[in-house]
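Here is how the chains run, residue by residue.
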Amino acid sequence: MNAGLVLDGLTTGGLFFIVTLGLLIVFGMMKLINFAHGAFLALGAYTCVLATSHGLPVWLPILLAPVVTGVVAAVVEPIVLRRLYGRPMDTLLATWGLNMIIIQLITLYFGRGTQPVKTVDLGAVDVFGTTYSLYRLLFIPVAVALGLSVALVLNKTRLGLVGRAVIMDENLAQISGINNTVVRFATFVFGSALAGLAGALLTPIASVDPNIGVPWLFAAFMISLLVGISPAALGVACVLLGMLQVLLASLWDPTIATLAVPVAVVLILRFFPQGFVKGARVS
Amino acid sequence: MSTQSRWSTARGLWTRTGGTNTRSLTAYLVPAAVLLATAPALDIYTKMILTVSFIYGLTAVSIDLLWGYAGVLSYAHGALFGIGAYAVAITATSRGNGVLSTVVLGGAIGIVVACLVALAVGGLSFHSRADWLYVGVVSFAVPFIFERLVLAGGEVTGSSSGLSAFMQSVFKPNQWYLLTGIILLLVLSGATVLVRSDTGTLFKAIRENEIRCTYLGIRVNRVKGVLFTATAALTAFAGALLASSQNVVAPDLGGIMAATMMVIWVALGGRGTLVGPVIAAVVIDYVTAIVGAEFPFIWQLGLGVAFLLVVLYLPGGLMSLLRTPMAILSRRFRPAESDDRHADLVIRASDSETPPLNGDEPPVLTLRGVTCRFGSFTAVSEINLEAGAGEVVSIVGPNGAGKSTLMRCISNGTYRTAGSVHVGGQPIKQLSPARVAALGVSQKFQHASVFGALTVGECLRIAQARTVRPSLWRRDRVLTLPRSAVRVIEATGLSALLSERAEDLSHGQKQALELAMVMATDPKVVLLDEPTAGLSHEERTVLGDVFRLIASTEGKLVILVEHDLDFVREISSRILVLHQGQLLLDGSVEDVANSRLVQEIYTGTFDEQELADARES
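Chains as they are written, first to last, in our numbering: chain V, 153 to 435; chain Y, 174 to 790.
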């Protein structure tokens with residue numbers, strides 16, 4: 153196997169990780185699947201489009217995107233999600249409706265076509281004898297850094313303690329004086345902001361159109377069911393699935409390879425309903 | 174005692190059923206007449222658009238049967254529709270002609286392939302350990318996979334541009350319009366008959382309370398799998414109609430957005446109403462074709478907003494807005510007593526004889542070394558037990574003694590960690606609750622578990638669904654129940670409540686109903702987990718008598734968990750004392766209820782040494 157393929161696998165895994173982390177946090181804490189995640193990815197990407205077309209420096213939207221997405225999430229959480237708490241299937245439908253609405257709004261403003269974006273051009277570097285895009289390579293440390301910070305916050309801070317309490321037993325947390333409404337609000341905004349960041353990071357390598365988030369949403373949805381709330385398990389799953397997809401793409405067909413994630417997840421969960429981590433799934 | 178008991182609410186047995194059928198027939202004949210009458214007046218363009226809308230109406234019927242009635246949300250049907258369409262297109266392309274036989278062949282291939290895919294998807298989705306999220310994952314994956322496969326299909330599927338002009342038109346637009354309109358009406362009528370039949374009630378029961386169904390011996394996953402496959406065939410048929418009438422197919426026909434639209438039609442129209450989703454599908458698809466061409470994004474945005482609003486504020490869809498005025502109207506124009514279509518149910522006791530007990534039958538229930546651990550905690554340890562027909566066995570012990578766990582080890586073959594359970598000589602192995610129920614075990618849960626949206630009569634009908642196959646097309650007016658069930662109904666006054674909705678019953682009535690449902694399965698072993706919790710003294714006395722009666726005269730083995738020792742003393746023939754997962758005492762009422770050990774265990778004043786001695790002996 154050549155080094156380029158390994159790097160492809162690792163960077164694809166890193167990308168999966170970045171895209172999934174926000175959805176995973178919302179899923180783990182709030183026990184709901186946020187199907188608007190795809191639209192939030194698109195919001196992040198279009199923040200880049202808007203910012204760079206107004207002449208802002210190309211790195212700035214990477215900071216702006218999570219803010220914009222977080223603000224939108226902060227607006228929709230009380231309007232939509234708070235009302236549906238405890239109705240997981242309706243939440244899934246409602247966030248899917250939200251996804252449609254946001255994507256249509258983007259389409260109304262920007263049109264259906266692909267948007268040109270000025271992006272960070274870092275050029276290529278030589279690693280292990282192959283020339284490889286430095287930008288893609290950066291996905292690996294970015295994923296690791298994001299994963300570590302979430303794990304640190306979750307395990308070492310008071311905020312994380314509250315979070316873990318809510319994950320384990322929401323009712324007990326509530327009668328212990330934790331304000332679940334605030335925790336859920338903050339979780340949703342934070343998870344969505346991560347989606348915005350991921351969308352911004354996607355712009356140099358994916359063509360920016362209103363549906364940019366949809367395939368990623370599916371991959372993220374599937375992966376998060378596999379790994380529960382553990383960032384470490386997410387890392388392992390992403391690298392394995394990334395490798396699988398890259399291998400299939402080089403050996404067989406790139407379009408078929410995008411089926412690697414859904415097919416693998418469907419089969420794994422059929423025989424191991426708990427996924428990678430015992431006790432990770434909500435019942 | 175008479176072997177035949179009969180109740181009738183004395184209202185006309187025939188008029189009501191006849192009325193319902195006439196009304197539903199008129200409901201479909203009127204639009205059919207309108208359809209035929211307007212055909213010459215409409216222009217070709219409108220008819221062509223409506224043809225497509227009618228075809229999508231068929232998919233709305235599929236999704237509503239699955240989601241609205243059986244509670245299974247499926248996005249996979251988007252892909253199944255695509256499979257039907259592509260099967261016709263690919264067949265026509267490869268055969269190079271467009272005669273009717275090609276359409277029929279292609280459609281047949283599409284339906285077969287869609288059924289195979291549905292069986293695979295159903296096999297993955299509907300098994301004992303799958304939760305609804307997993308079903309969602311699988312169902313979302315299918316349209317995604319379909320789109321990718323079509324894109325990767327090269328010349329065979331036409332990749333991203335799809336296939337077009339693969340045949341000469343089989344029918345003229347006017348004929349397609351009539352044909353699809355009539356097919357839609359026929360399918361809608363058929364589906365309406367189905368959901369009003371006893372099988373339709375079974376679907377609703379599964380939607381309402383899957384666990385209760387399982388413990389009544391209903392193979393829920395099989396029912397869902399069959400319905401899923403049948404609706405897959407209907408959806409693929411619709412897809413085949415689309416390809417044949419439009420002469421063009423594209424990957425997004427079977428993609429996730431198409432699947433989403435089907436769900437939106439059903440949600441907007443009103444799940445579980447059939448007519449609502451069909452109207453929504455036809456109207457929305459028609460308006461999309463007209464308005465959507467000019468303002469596609471605004472229209473899609475409006476649909477998204479409407480969908481969100483319905484999910485948030487109107488779970489019953491737009492049909493629920495119509496229902497209230499319709500109910501008021503029907504009350505005004507129709508005599509009040511004919512409003513209830515369940516009022517004519519007749520209950521009969523089955524006349525099979527229970528062989529008299531002579532005391533030397535083999536044990537009905539045998540437990541050997543039954544142990545149940547949760548991680549390092551042993552909830553039930555090494556229980557040995559033999560119990561025979563006609564016994565009333567009470568299990569007592571403080572909270573956490575393992576009483577409910579022991580019950581579960583008997584009713585669910587997958588629950589115990591070690592040991593064996595035999596029912597009527599048959600081992601329960603690792604069987605699912607539904608299959609243990611088929612061996613003759615029936616359990617009543619601690620919290621009354623009934624089918625809230627169903628009437629009492631319907632609940633009892635579903636309780637028998639394992640042995641009496643529900644009709645696909647009619648509602649049986651006669652309900653033949655085992656005598657033990659009839660005794661429960663008789664004693665608890667349920668016979669007067671047959672047409673009440675189960676969720677409107679009082680707590681005590683719900684407990685009685687669940688007990689009657691448990692008895693309706695005609696079990697050998699009846700497991701009752703705190704059957705009198707929260708009941709008044711009076712209700713409790715009635716139930717106590719019933720328990721004794723079904724054991725002594727119907728030869729059931731009744732095992733119950735109870736806290737009230739006085740009650741236990743009154744009704745039991747035998748008492749088991751569980752403490753910390755172990756069987757401490759097993760004996761007659763005199764032996765156990767008066768024992769100091771039992772009192773001490775309950776009050777927590779027992780002596781460890783004494784306890785150890787008791788275990789020794």
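Treat the hints as calculated values from the structure; they're not laboratory data.
Values in this document were obtained by computation on a predicted structure and should not be read as measured data.
Every residue gets a Cβ at the ideal spot worked out from N, C-alpha and C, and that includes glycine.
Honestly, I wouldn't trust all of these hints.
Just the calculated beta-carbon pair ranges, DEER-fashion [to be verified]:
1) THR497(Y) with ASN323(V): 32 to 38 Å
2) ASN572(Y) with LEU313(V): 36 to 42 Å
3) SER493(Y) with VAL388(V): 43 to 49 Å
4) ARG316(V) with HIS620(Y): 26 to 32 Å
5) SER725(Y) with ASN323(V): 24 to 30 Å
6) ALA276(V) with ARG546(Y): 54 to 60 Å
Examples of chain V residues toward chain Y, derived with CB under 8 Å [said to hold, decoys possible]:
7) ALA246
8) LEU257
9) THR309
10) ARG310
11) PHE370
12) VAL391
13) VAL417
Which bits of chain Y does chain V cover? Going by a derived footprint, with three or more residues having C-beta under 8 Å, they are [claimed, not checked]:
14) 295 to 309
15) 319 to 325
16) 439 to 449
Now for the hints, and whether the structure bears them out:
1. THR497(Y) with ASN323(V): 32 to 38 Å: 36 Å, holds
2. ASN572(Y) with LEU313(V): 36 to 42 Å: For LEU313(V) against ASN572(Y), whose Cβ atoms are near 30 Å apart, the range 36 to 42 Å is violated.
3. SER493(Y) with VAL388(V): 43 to 49 Å: Holds, at about 47 Å.
4. ARG316(V) with HIS620(Y): 26 to 32 Å: Check passed, 30 Å falls within 26 to 32 Å.
5. SER725(Y) with ASN323(V): 24 to 30 Å: Check failed, 44 Å falls outside 24 to 30 Å.
6. ALA276(V) with ARG546(Y): 54 to 60 Å: 58 Å, holds
7. ALA246: 5 Å, holds
8. LEU257: 7 Å, holds
9. THR309: Because about 29 Å separates THR309(V) from the closest Cβ in chain Y, which is outside the 8 Å limit, the hint is violated.
10. ARG310: Violated: closest Cβ of chain Y sits about 29 Å from ARG310(V), beyond 8 Å.
11. PHE370: 6 Å, holds
12. VAL391: 21 Å, violated
13. VAL417: 7 Å, holds
14. 295 to 309: Check passed, 9 qualifying residues.
15. 319 to 325: holds (count 4)
16. 439 to 449: Result for this restraint: violated, n = 1.
When held up to the earlier numbered hints, the structure conflicts with 2, 5, 9, 10, 12 and 16 and fits the remainder.
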